[in-house]
Amino acid sequence: KQEVTQIPAALSVPEGENLVLNCSFTDSAIYNLQWFRQDPGKGLTSLLLIQSSQREQTSGRLNASLDKSSGRSTLYIAASQPGDSATYLCAATNQGGKLIFGQGTELSVKP
Amino acid sequence: DVKVTQSSRYLVKRTGEKVFLECVQDMDHENMFWYRQDPGLGLRLIYFSYDVKMKEKGDIPEGYSVSREKKERFSLILESASTNQTSMYLCASSFGGHPGFGNQPQHFGDGTRLSIL
Numbered sequence: 001k002q003e004v005t006q007i008p009a010a011l012s013v014p015e016g017e018n019l020v021l022n023c024s025f026t027d028s029a030i031y032n033l034q035w036f037r038q039d040p041g042k043g044l045t046s047l048l049l050i051q052s053s054q055r056e057q058t059s060g061r062l063n064a065s066l067d068k069s070s071g072r073s074t075l076y077i078a079a080s081q082p083g084d085s086a087t088y089l090c091a092a093t094n095q096g097g098k099l100i101f102g103q104g105t106e107l108s109v110k111p
Numbered sequence: 001d002v003k004v005t006q007s008s009r010y011l012v013k014r015t016g017e018k019v020f021l022e023c024v025q026d027m028d029h030e031n032m033f034w035y036r037q038d039p040g041l042g043l044r045l046i047y048f049s050y051d052v053k054m055k056e057k058g059d060i061p062e063g064y065s066v067s068r069e070k071k072e073r074f075s076l077i078l079e080s081a082s083t084n085q086t087s088m089y090l091c092a093s094s095f096g097g098h099p100g101f102g103n104q105p106q107h108f109g110d111g112t113r114l115s116i117l
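Chains A and B, in that order, are what the protein sequence lines are.
Oh and the first sequence: position 20 is 20 in our numbering, straight run, nothing missing.
Oh and the second sequence: position 81 is 81 in our numbering, straight run, nothing missing.
If you're looking for bench data, these hints aren't it; they were derived computationally from the structure.
Computed from a predicted structure; not experimentally measured.
Backbone N, C-alpha and C define an ideal beta-carbon position, used for all residues, glycine too.
Do not rely on the hints blindly, as some may be mistaken.
Said to hold, decoys possible - A short, non-exhaustive set of chain A residues, derived as facing chain B with CB atoms under 10 Å:
no., residue
1, F36
2, Q38
3, K42
4, G43
5, S46
6, L48
7, L89
8, A91
9, L99
10, F101
11, Q103
12, G104
Said to hold, decoys possible - Straight-line C-alpha distance at most 20 Å; calculated SDA-like pairs for lysine to any residue:
no., chain 1, residue 1, chain 2, residue 2
13, A, K68, A, K98
14, A, K98, B, S75
15, A, K1, B, I60
16, A, K42, B, K3
17, B, K55, A, N94
18, A, K110, A, A86
19, B, K57, A, N94
20, B, K53, B, E79
21, B, K3, B, K70
22, B, K55, A, G97
23, A, K42, B, V24
24, A, K98, A, R72
25, A, K42, B, T86
26, B, K57, A, Q95
27, A, K98, B, E62
28, B, K55, B, R44
29, A, K42, B, S87
30, B, K3, B, D28
31, A, K98, B, G42
32, B, K18, B, L78
33, A, K68, A, T5
34, A, K1, A, D67
35, A, K42, B, S8
Let the hints inform the model, and build the full structure from the sequences given.
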């Protein structure tokens, strides 16, 4: 059974710092790995999707990598801003087509 | 941009009531999903549908049913609401027939925070 883990559960950084969020999964037989952002009381916004055949995806200041063999994905945020404060969720799409979510990392960027 | 609209942001109902949560997407997506999100448990899949009138159980279908009469609309039904169904409910949609082969990102609505008293 696929399990997705995100460490740390919470992270606080000063504005301008580069940071990395970690996601690990137990079953490497995935279709893709998706990163989401969730603001308090809101739904999820899709940030990046990495297909199983890809190694990374980039969008603006965000870069997500995928290493299936080690069961890891990272989300790199460059030059963090207070507006980046949110909960970041990763989710692996398993062979049955279902998204399996991690518990999320709550990020706070201090001005 | 994909728009997934959930009919209510906040909803308060009483135990035993039949509750309908509505979700509409405007991108002609084949797949639609209902999740609930609870502190400490994360997001869990209740039901999904990959075509009109098709439905499949997710991980926690007990106490829920769904309806998909039109491609753009996916309804979640609480047959007899109970207090343990108080939660944040999230609807999502994605392109491409069966989720396992569509391999497309899921797009989420803003959620419905449901309280059962």
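Evaluated hints:
1. F36: Status holds, d = 8 Å.
2. Q38: holds, 9 Å
3. K42: holds, 6 Å
4. G43: holds, 4 Å
5. S46: It holds, given that the least Cβ distance between S46(A) and chain B is near 5 Å, below 10 Å.
6. L48: holds, 9 Å
7. L89: OK, holds: L89(A) within 10 Å of chain B, min 8 Å.
8. A91: holds, 8 Å
9. L99: Holds, about 6 Å.
10. F101: Holds: closest Cβ of chain B sits about 4 Å from F101(A), inside 10 Å.
11. Q103: Holds, because the Cβ-Cβ distance from Q103(A) to chain B comes to roughly 5 Å (cut-off 10 Å).
12. G104: Nearest chain B Cβ about 7 Å off; hint holds.
13. K68(A) <-> K98(A): Given that 20 Å is the threshold and the Cα spacing comes to 17 Å, the pair holds.
14. K98(A) <-> S75(B): Given that 20 Å is the threshold and the Cα spacing comes to 19 Å, the pair holds.
15. K1(A) <-> I60(B): Judged against 20 Å, a Cα distance of about 15 Å means the pair holds.
16. K42(A) <-> K3(B): holds, 14 Å
17. K55(B) <-> N94(A): holds, 18 Å
18. K110(A) <-> A86(A): holds, 12 Å
19. K57(B) <-> N94(A): holds, 15 Å
20. K53(B) <-> E79(B): Satisfied, since the Cα-Cα distance of roughly 19 Å is no more than 20 Å.
21. K3(B) <-> K70(B): holds, 16 Å
22. K55(B) <-> G97(A): It holds: about 14 Å lies between the C-alpha atoms, which stays within 20 Å.
23. K42(A) <-> V24(B): holds, 17 Å
24. K98(A) <-> R72(A): holds, 18 Å
25. K42(A) <-> T86(B): holds, 16 Å
26. K57(B) <-> Q95(A): At roughly 16 Å apart (the allowed maximum being 20 Å), Q95(A) and K57(B) satisfy the hint.
27. K98(A) <-> E62(B): holds, 18 Å
28. K55(B) <-> R44(B): holds, 16 Å
29. K42(A) <-> S87(B): Holds, at about 13 Å.
30. K3(B) <-> D28(B): It holds: about 10 Å lies between the C-alpha atoms, which stays within 20 Å.
31. K98(A) <-> G42(B): Cα-Cα ~14 Å, so holds.
32. K18(B) <-> L78(B): holds, 6 Å
33. K68(A) <-> T5(A): Holds, because 14 Å separates the two Cα atoms, which is no more than 20 Å.
34. K1(A) <-> D67(A): Satisfied, since the Cα-Cα distance of roughly 19 Å is no more than 20 Å.
35. K42(A) <-> S8(B): Given that 20 Å is the threshold and the Cα spacing comes to 12 Å, the pair holds.
Violated hints: none; the structure is consistent with every hint.
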